[in-house]
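Asks: Given the coordinates of chain B, assemble chains P and X onto it according to the supplied hints.
Respectively, the protein sequence lines represent chains B, P and X. Per the numbering used here, the first sequence starts with residue 1, numbered consecutively. Per the numbering used here, the second sequence starts with residue 1001, numbered consecutively. Per the numbering used here, the third sequence starts with residue 2001, numbered consecutively.
Hints are computed from structural coordinates only; laboratory data are not their basis. Virtual Cβ for every residue (Gly too), placed ideally from N, Cα, C. Careful: at least some of the hints might be erroneous.
[Stated by the list, open to error] Stretches of chain B that chain P covers, calculated by requiring three or more beta carbons in the stretch to come under 8 Å of a beta carbon on chain P:
1) 85-98
2) 181-191
3) 251-261
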Amino acid sequence: MKPAPFRYIAATSLAHALALKAEHGDEAKFLAGGQSLMPTMNFRLARPAVLIDLNGLDDLAFVRCGDDATRIGALTRYRALERDAGLLARYPLIGEALPEIAHPQIRNRGTLGGNLCHADPASEMPALMVALGAQLKLQSASGARWLAASEFFLGGLTTALAPDEMLVEIELPASPARSGSCFMEVARRRGDFAIAGVAAMVTLDGDDICSNVRLVLCGVGEMPVDAGADALIGQAITDAAICDVAAAARALLDPPGSVHATADYQRHVAGVLIERTLTTAHLRARHGQ
Amino acid sequence: MSTRTLGEPVKRNEDRKLLTGQALFVDDVELPGMLHAALLRSQVAHARIVRIDVSRALQRPGVIAAYTAEDLGAFWRPNAVVVPPPPIPGSIFNARTHGPLAKGKVRHVGEPLVIVIAESRYIAEDALDDIDVEFEQLDAVVDLEAALRPGSALVHDDLDSNVAAHVRQSKGNYAAAAARADRVIKRRFHYEHGISSPIETRGVVAQWDARAGQMTVWDTTQAPVFMRNGLAAMLGLNERNVRVIAPFVGGGFGPKIMIFYPEELLLPWAAMRLNRPIKWIEDRLEHFFATTHERGQIHDSEMALSKDGRILGVKDVFLHDGGAYDPYGLTVPINSQCTLLGPYVVPNYDSTFTQVFTNLPIVTPYRGAGRQHGVFVMERLLDLAAHELGLDRAEIRRINLIPADVFPYNNEIIYQDFAPLSYDSGNYEPVLDMALEAIGYAGFKAEQALARAQGRHIGLGLACYVEGTGIGPYEGAKVQVQSNGKVSIATGIGTQGQGHFTVFAQIAADQLGIAVSDIEVVTGDTDQFYWGAGTFASRGAVVAGNAVNEAAKVVRQKALKLASDLFECSEDDLVVADGRISLVGVPGKFVTMGDLAASANPMRGAVKPGTEPGLESTQYFGPPSGATANGVHAMIVEMDPRTFDLKILKYVVVHDCGTVLNPMILAGQIQGGVAQGIGNAFYEKLCFDDQGQLLNASLADYLLPTALEVPRMELSHTVTPSPLNPMGIKGAGEAGAIPVGPLFAQAIEDALDLPSRGIELLEIPLSPSRLYELTRKAGERE
Amino acid sequence: MDNDLHDITVTVNGVSYARRVESRMLLSDFLRHELGLAGTHVGCEHGVCGACTIQLDGEPVRSCLLLAVQANQHAIATIEGLTDPDGAWHPLQQAMHDHHGLQCGYCTPGVLMTMTAFLDEHPSPSEHKVREALSGNLCRCTGYQNIVDAVLAASAKMRG
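So that you can see chain B by itself, here it is in the shape it has in the complex (with noise of 0.2 Å):
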């Protein structure tokens, strides 16, 4: 299980790094935490013909919370995002997923851009960056644009990112007031891929009425789903309701199945992880999280 060959280039800066992939486009790859791409080379599953080391690019490593927003680099590995205790207060929702990825020596690796952009559907992070409503800068030597991260994931393993496109930043918008959150998810064992995941938000106002929800599953889909639950919104919140929310995803659901799971199952348990993150999210907005 050793890598087929290629040509490595250490990129000095972003823009080198964005000169070379316009330059090699498809048969170049952008390598980042390589958690997920090393593996795929040593099965000879993948093989870039040209790979393009972001590691030495450390200001694309960053963290920086606003009032409005707080803005992470693509290169900001998962160790340091579970080490930033003000990002973990502002996004409850990532504290409580990151455990759930993989192990410590892949987390202190592993980085948030590098995950988005291999786009696993099993994977957490895509699924929380939809549901928080994440907007994505792309960036290539002839520009950058800005995406919301739902329309980022365009299937298993694909993205919108363009050959010559880089992944440089995540925007988060803030939590609104009286928000709450909650994320689960079954796997096999801790750190495996997701059967089913579930992030969940409410918002509530002043009078315990919902007032915005957002519900994403992973797992159970080629990407991210939206599972919606916009039918909580203008009411207050009931078990009965929260049912009628996970039977109507579970109606709409058509996960994939795998060795380690049937369809059946992971529609059962995408549904079972709705009602209870919603149950936990609703009661996190109402008492805090």
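Replies: Then chains P and X, alone, in the frame of chain B:
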């Protein structure tokens, strides 16, 4: 140093090297000019080989050679059967073994077609892409039952069916017992057992010294002596000119014993041909195909009982998936057949199995080695019987236990060692009682009700088993006191982490009065000890341990004789302790063991007729038959009734393996076995499609338990020594792994009230998804 | 493709090594076969088993998922550097010995390189935290209990 070390938790001699990164494993061997091998393996399960073209590979810079079966010439021949079938009358056994490279046909995914040898492993892997293979694909034989239907594709064309073996063993008259029974329970059981997946994969380094005519092979094998003898025969060398070294081996658990794996033949052969050392290290992907598996059995079983729960008889007819070849004979299904009987009185037994050829990788023993399958059937039948007869599950076990006063207890059938399945000794009821006490059986129903009232679903499992251990043929050991006062022990058995460097030292330490840390054990090097069998069947401590003991006893006698001559005293007046022999009551009158050893090898004078120089002895031990260990595991789980997520709240093992040599090492063996049993019961499954493709050939998808899945365990022991060896030892290597399947099934049923809902768990492995499927089907039936 | 070679300088256990490597050489192979530091073991080469865990700039990482060339100008710690120059064991090495935390010993270097860093960051961990931290290191021999006990004992010892 006069205290006994046997029975004490002596810390391990081997740890120092392992904890500092200084232990030599096969992949650590670096030789000047060494080449590296990679193998092209079949991507399809069943096909005729039309053409293999390696010419492009040979043109790649850095590639030295590429060999197919044709290139091997007369060296190509099918393996001998490692373990022939036991002499059971009426048995059928069709020996069909693999050769070093596939010839004519491939019969499983991963079967090797070409070996490429290159300057680096990287280049060797590059060259695999350059090889063109043309196949004529054939239908794959995967399903066990379909394999036996007329018209099925044939794994071996020269046979008229896919039957590899057919064996019936019986005692008493089951049909008559069933006719008079109050109740007969009949069910079909499926039991899958996965792969051993040691963290170190297999590996071989071969070095040919043309001038000395000497072949040296470093190999992850569990049986270096057999390997040496076989290799010498295959290569046309004298056994003395072949040295096999199994250095530190990173876990094996059975599959590292198969002889020969293709690479074990190909590397030495190519090293001779190229006159360069060659290394091959199996990568993890290869391991899923190139190292042997255990896999499925399907049992159609019935148990006849009286209404008070006494077993009148058991009938079992099962299919055993043997894979594409059967080099390891019938060890696995014979173990299933024999171990099914467990610690119970089964007056009538009728067991028939058919071993089936399939287009899947080869099956050979993996920790437990078929015993799990049998124990699952027996324990599940007892649970079903208890439910149907309205009996307590502990009581139905208790009333059927073999009483303590009837040992040795002959089960009247033949075991894997060709000897009658006779239990040497045992006292089973106290083991059950201790387990019930430790798990809190008496109070559990109340505890369960309380938990249920809080919305928690907890359940208890309980399973009994015996384990045939410590089989022959023999092992030997050479114990030698050196003139520096330290002791060297050499044995041929090989080791894979079981603490042999310490336990064998303890045995000698007690005989010779020398500190354990001053005793060095050499094992797994055929130049250090010529004879032996290997480390398998929970036999190391029993068989090699007793050989060490016998040799150390002789050395002790020699030392006493020398000292009594020196002091002109009776041997009765001498004390052996603290590395010296002292004259009782005369302070300062002593001789060190080192000085005695030196004086036993004099520069002048004459060695007396009938004596030997040196303070050493080589002795052998071969038990007449295996010793039978036994135990009970009990467990409490909590289930999420909706996701079927499982958490183990408590795990108890009570075990009897006779005399305990080192309780710390024994506990480690049990804990590790249980962890593998947990993997088998709930996490690990080889998923093949109907074309024989393995769908989860990575450690991301083949789920080994981590520190979060394996619970803390509470262990305790009883001691019923074996009369079959002087030390009273029984083996313990596999005990932890054997009863975990039925334990899971029972505990999960209990936690989720499955029996009352008409749901029975009759298969292993289980998983949350599978439990959902079973309960949903039952829900639909309602 | 011609070999893509790079000159790198890597500090391992405080010693600086300058080597020319092919870009595709895995860091695990580089340490083991180029530098002869074979104490780091390789178990899966796809980042699951944890046997090859080393510390890169103080953080435990899988050396099978890094290229040697990526270690250029970085500092690496391996099992060979865990023992003091005067031969004294790290408290976790001692605790692993005392608690029988290893059997075949193949996963042990990875366990030590993971858990010594963990103990530096979490001086008084709970058993559950220890198990979480250990969950990226597969051990097929021990059932983990004795490793967990060793880590807990070492943490107590290190707290003094």
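Asks: List in ascending order the numbers of the hints, as given earlier, that are violated by the structure.
Replies: Going through the list in order, the structure violates hint 1 alone and respects the others.
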